[in-house]
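For chain A, the structure is supplied; the task is to place chain B on it using the hints.
Same order as they appear, the protein sequences are chains A and B. Under the numbering used here, think of the first position of the first sequence as 1, with each following residue one higher. Under the numbering used here, think of the first position of the second sequence as 1001, with each following residue one higher.
Calculated directly from the structure, the hints in this document are not laboratory data. One should not assume that every hint holds.
[As the list claims (entries may be wrong)] Examples of chain B residues lying across from chain A (beta carbon under 7 angstroms, computed): (1) THR1036; (2) MET1038; (3) PRO1039; (4) TYR1041; (5) SER1063; (6) VAL1065; (7) LEU1157; (8) PRO1159.
Virtual Cβ for every residue (Gly too), placed ideally from N, Cα, C.
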Amino acid sequence: MEELVLMKGNEAVGEAAIRAGCRFFFGYPITPQNEIPEYMSHRLPQVSGVFVQAESEVAAINMVYGAAAAGVRVMTSSSSPGISLKQEGISYLAGSELPALIVNIMRGGPGLGTIQPAQSDYFQAVKGGGHGDYRLLVYAPSTVQEMVDLTGLALDRADHYRNPALILGDGLLGQMMEPVNLPPLSHPEDLPVKPWATDGRRGGPKRVINSLYLQAEACEEHNRRLQAKYREMEAGEQRWEAAWADDAEVLVVAYGTVARICRTALEGLRDRRLAVGLFRPIALWPFPGPALAGLLQRGRIRAVLVAEMSAGQMVEDVRSVVCGRVPVAFYGRTGGVVPSPEEIGQHVTAVYEGGAINAGCL
Amino acid sequence: MDKQYEVIMAGFGGQGVMSMGQLLAYAGMLEGLQVTWMPSYGPEQRGGTANCTVILSPRTIGSPVVERPAAVVAMNLPSLDKFEDRVREEGLLVVNATLAGRSVRRTDVRALSIPATAIAEEIGNDRVANMVALGALLEITRLVRPDSVVESLTKALPPHRHNLIPLNQDALRRGMELARHGARRPAC
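Pulled out of the complex, with its shape left as it was, chain B reads as follows:
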């Protein structure tokens, strides 16, 4: 990584957007990067979206507040509506197609629409939709190695939850595969 990269992750409460961001930040830290994870904690959480901003950088991080992030992961429609315009030109927009209900309007960003929730249900638990999305993000951006995310899971999850790691690994892998092969810009 030679310059700072910012991601805003957004979704309904319960979709694991906060923990997806924390895992990315943790993995970045394990790889020796500077990292900042900033949650929204205000009243907007009661409505459509919870979101967090993750910054990874080879250098000291200044502002934790990012107006125009390099990437947005939108796990539902309100998140897509809220953050689509904020992605930097030439940036990346990862959308959970299962819950977004519409395609991406921007034509100046790279859009990756993946059925994260459907895939998560298929492998056994819709709560790992966040890991499918994270896998897709990592496949495109190579921000951190998937191994580092798994290591972060091992450290972040209490031991009695370690039985969930294979499912999360599976979800991560599926997201990466989708980004590599299947997903393309859907027709508008």
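With the rest of the complex left out, here is chain A:
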């Protein structure tokens, strides 16, 4: 059996990226994700990798662009305000079809907000925080082991689709420690060759990577290709987990940290024989709408409650899937406040008993 190691979520992301063949990290410090660059700064040199603390977030994301264009596995990490600064570069990565891993260990906003955990960057992550019609593959771990597993997956899927991927964690996941099983170390030279990379033409045809298409028709054609790729991702990359969904009359939808808080709340309610279940999107984009719709079609679910550490963001995607078939309630905490299982339990109970369907935030 593989040896378990006790790691912080932030360190686990770093080690998992290295194990997946990532040898390049460019970043700029911000709480609560500083353990990622700290870890990479001592670990990458051990595997002949490159760590650069850039002069700014904008510089870091553009270094990521350069490394990705050269065909290597590369990552950056930050927390909410820093991720906002990187949005221009992320749009360029998407427009240039460059694979890269971006990690956002969310904190409360808007603005500088707080250093405490939040989930209020959902819109930014899944709707496109930068300009233009683009999508990121967005993964939402809820345990430290999932931080490891989804980091590897994100790097792999990013290469597969030539598209940036985002790990959307929060300060709590980044700071907490849990045992993890790490995959074996992969070597960059064993990864599939990227024939498009600008690493020297070696007598072959010229390779150009950019996102500039001055002719409108050419730019529209580029957009068509991108959209076709996004449809392919929607078909192949939806990920979710459901618990107690078979007999659930009230279905709770939550991701990341909040999903595991909900799980504890629901365990308590099920002990009291309330028919409540959990639906946890693991990929936030592509959103696992068809799976959620499938559960609703069985006809048992009479209400849905979405819980988030935000004023209500994912709830919009849930409402568009539910499409008025059953009421969708929302419960959220903001500004870095983490809800307790007890308070989630009270809101689920209220919905179960037929009240509080229009329960707003806070």
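Same frame as chain A, now just chain B:
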């Protein structure tokens, strides 16, 4: 262990509450339990207390956030003030009597008041007060074996710090002895 057990450990920065929690989590992991260690990392750390929550469970752990823990280890007065009310009924409250300056008010929990800092100073270093408290906690709860804590120390400490292991072992043992014999509910 047949059900989940949660401990909040709190104290001044520098009292080793974070590492005490990590050692407990590590030891739990070595014994095949599911474990979660969650630190406070917010602005409250600048004031009175640093704290962490450790959960040990035979099953998958859901919420890392615990409103009513089964036990609290309070290494100073601000921690006792902050967390006394949070301990579950019938739960356990371990208090560092050297720095708490008052006795436990709750009458519906098991209170164990031990002079952790004084004992640590007596055996040579007040920085092992955390291990005295951990020893007391383990003696009462039997959450993990002391051997597992020592093994965790061996793995967690860099080799050039292994000379500190006997002192930590000593502190752990003293805490266990205190919990077994001396400590009782102090008169209010």
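So, going through the hints one by one against the coordinates:
| no. | hint | in the structure |
| --- | --- | --- |
| 1 | THR1036 | 5 angstroms, holds |
| 2 | MET1038 | 4 angstroms, holds |
| 3 | PRO1039 | 6 angstroms, holds |
| 4 | TYR1041 | 5 angstroms, holds |
| 5 | SER1063 | 4 angstroms, holds |
| 6 | VAL1065 | 5 angstroms, holds |
| 7 | LEU1157 | 14 angstroms, violated |
| 8 | PRO1159 | 17 angstroms, violated |
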